[in-house]
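*Asks:* Take the given structure of chain A and dock chain B to it, following the hints.
As they're listed, the protein sequences go chains A and B. First residue of the first sequence? That's 1 in my numbering, and the numbers climb one at a time after it. First residue of the second sequence? That's 1 in my numbering, and the numbers climb one at a time after it.
For the record, the hints were derived by calculation from the structure and aren't laboratory data. Be aware that one or more of the hints could be misleading.
As the list claims (entries may be wrong) - For lysine to any residue, the following SDA-like pairs were computed, each having C-alpha atoms within a straight-line distance of at most 20 Å:
1) Lys227(B) / Asp78(A)
2) Lys105(A) / Pro250(B)
3) Lys8(A) / Lys188(A)
4) Lys262(A) / Asp224(A)
5) Lys258(B) / Ser150(A)
6) Lys105(A) / Arg255(B)
7) Lys9(A) / Glu99(A)
8) Lys105(A) / Ile257(B)
To be verified - Stretch-level coverage of chain A by chain B, calculated; a stretch enters the list once three of its residues show a Cβ under 8 Å from a Cβ in chain B:
9) 38-46
10) 52-62
11) 72-78
12) 242-254
Model, not experiment: these values are computed from the prediction. For every residue, glycine included, the Cβ atom is placed at its ideal position computed from N, Cα and C.
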Amino acid sequence: MECGELLKKLSDIRAVTGRENMATEKIAELFREYCDDVYVDAFYNVIGIKKGQAEKPCNVLVTAHYDEIGLIVTGIEDSGFLRFSAAGGVDAKAIGAMEVTVHGKEDLFGVIGVKPPHLISPEDKDKGIKMEDMRIDIGFGGEKAKELVSIGDMVSFNSPARELMNNRVAGKSMDNRSGVAALIEILKELQRLKHDDNVYVVATVQEELGLIGAICATYNIKADLGIVIDVCHGDMPDAPSDEAFPLGKGVAVAIGPIISRKHTKECMKLAKEENIPYQIDPEAGDTGTEAAVHAVAREGIPVILLSIPSKYMHTTVEMVSVNDVVSTGKLAARYIAGRAKE
Amino acid sequence: MFEIINKLTRTFGPSGNEGNVAVLISEMLKGKVDEIKTDALGNLICIKKGSGKKIMLAAHMDEIGVIVSYIDDKGFLRFGGVGGINPFVILGQRVVFENGTVGVIWYEENIDNIKNIKLEKMYIDIGAKSVKEAEELVNVGDMAVFEAGTVLQNGRIISKAMDNRIGCAILIKMALNEPKTDNEIYYVFTVQEEVGLRGARTAAFGIVPDMALAVDVTTTGDTPECKPMSVSIGNGPTIKIKDRSVIAHPEIKDRLIKCAKEENIPHQFEILMQGGTDAGSIHTTAGGIPSGGVSIPTRNIHNTAEIVDMKDVENAVKLLEAFVH
Chain A
1 MECGELLKKL SDIRAVTGRE NMATEKIAEL FREYCDDVYV DAFYNVIGIK KGQAEKPCNV
61 LVTAHYDEIG LIVTGIEDSG FLRFSAAGGV DAKAIGAMEV TVHGKEDLFG VIGVKPPHLI
121 SPEDKDKGIK MEDMRIDIGF GGEKAKELVS IGDMVSFNSP ARELMNNRVA GKSMDNRSGV
181 AALIEILKEL QRLKHDDNVY VVATVQEELG LIGAICATYN IKADLGIVID VCHGDMPDAP
241 SDEAFPLGKG VAVAIGPIIS RKHTKECMKL AKEENIPYQI DPEAGDTGTE AAVHAVAREG
301 IPVILLSIPS KYMHTTVEMV SVNDVVSTGK LAARYIAGRA KE
Chain B
1 MFEIINKLTR TFGPSGNEGN VAVLISEMLK GKVDEIKTDA LGNLICIKKG SGKKIMLAAH
61 MDEIGVIVSY IDDKGFLRFG GVGGINPFVI LGQRVVFENG TVGVIWYEEN IDNIKNIKLE
121 KMYIDIGAKS VKEAEELVNV GDMAVFEAGT VLQNGRIISK AMDNRIGCAI LIKMALNEPK
181 TDNEIYYVFT VQEEVGLRGA RTAAFGIVPD MALAVDVTTT GDTPECKPMS VSIGNGPTIK
241 IKDRSVIAHP EIKDRLIKCA KEENIPHQFE ILMQGGTDAG SIHTTAGGIP SGGVSIPTRN
301 IHNTAEIVDM KDVENAVKLL EAFVH
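Isolated chain A (complex conformation) (with noise of 0.2 Å):
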């Protein structure tokens, strides 16, 4: 599948954090056409694995998770309207008027209704709106809302994924399902090129919710190197600029302390030769992402973070260019398989 096509596809699925099981066999099935074996660990993690051609070879580990943010039935009133919280990061003056899918017994329509302005008072026109006085509205009554609909019921957000122009794609889980398609942009790239090292792609949970897959995975597998793949703040009208990278410039390669910096010198050197556009990303703390998860798993894992410019994070419209996602893939894969050995 070309990427733009697979960038839409994983988009529209829906996996919200700590519920991933929805979608755990979608990613795999993906995987399966590059992959030498596939497996799912017990928090759903999706492992993928390419086996290398050295006799002893060494591990690399790529991640990219695979959760989206959404929202969580939090109670069910006598009216039939959903009170509810959000399941990872999710902005209240984001989310109103959104049209939403409930996943109660089946999946259920929603919509997040908001007050006309003709009933909004004056005092209140430009004051913002709190999570815990917003509703979904699923249009039955209370007690038929509460038949279909659990508190712990996840919500995700209908915003099918857009291609624009100029190669680029808005849709709800560009964070971080653009990650993982550049996972299969490297498994595509690998099938061409030789390797020595076995390479686990992984694609993780709830790390929305404070990294909870990359825990898991970067402890049951041994890594020798790791890769992270996510995306940064693409750059927008009032974004600051040192924060913010322009779409379309290629990937991300973040510097900074918890940041390996052999390998990333190593990998912004054969961008160049390769002639693989990129960016460079300071990262002065641990990242937020889970390249800080990497860093100190067992004895320690030198990581990798690569990173794909997206417009708008956190929102149902996220927007990436689907050049950076095959940089991504490329500088990856070509690392993997052009690595010297220590």
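*Replies:* Same frame as chain A, now just chain B:
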């Protein structure tokens, strides 16, 4: 059951000083389990051997309290919180140290607005006339817990340290009942939950169970003008969906729901917006341990008078026995 709870809640055991509670529990369970041991951090691990799955049930022994940070010239004690301490809740409360020394918490009265009160503007008065007198009773680093009796009234229990001696009481009652099962049950009484879910992490790493449950308390939505939450005391123990530290593993959550339905045990679903439980540290240990939780709806958590309903406690025992079966 009330006797067990009463003994537990009256025992001194702030985070890091759970020894007395561990001794009490091991005395209660002697002869009722196959093995009792304590790990390096102080977790008390009581094992009922079996050939089936390894199931870990965790309840933390520690309670919130205060720690002396400085003794001033006049013998007043400055202190910090051990666990989540709210300055408004502790104002005017009595505290008691392990050696029986009693103190009263008060504050610097020249504060402009009581709203701005912080722990560093508060002190403990133990009646000492000088630093020397104070130091005969208390040292910097000593911890104290709140002093408050335990009462059973209208089927409800009011006590300090219900968080989480009630969880300990449930595991004790269950172990004493000796539920029939082939599974290997680890009744684990953990340390230092209130300061970062620490004991449960090392205990889980030592055991590596197939699944784990944290048995703890949860907030409710049944008091006047409180934040909405679909949990009330008396309506059954809660099956944890999510808190700040964990989202319950789907298989664990579903197993609990199935048990509750089959055994006709009243239950509620818990989405706890604040706070975590031992399940939070257990589930990310040793490559991932499917975990969930059963909680007792509790009013006024981290107050000196927490309230639970006895029926919820009894139903929690039933639910856990069904779960391990």
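*Asks:* Of all the hints given earlier, name the ones this structure violates by number, lowest first.
*Replies:* Hints 10, 12 not satisfied by this model.
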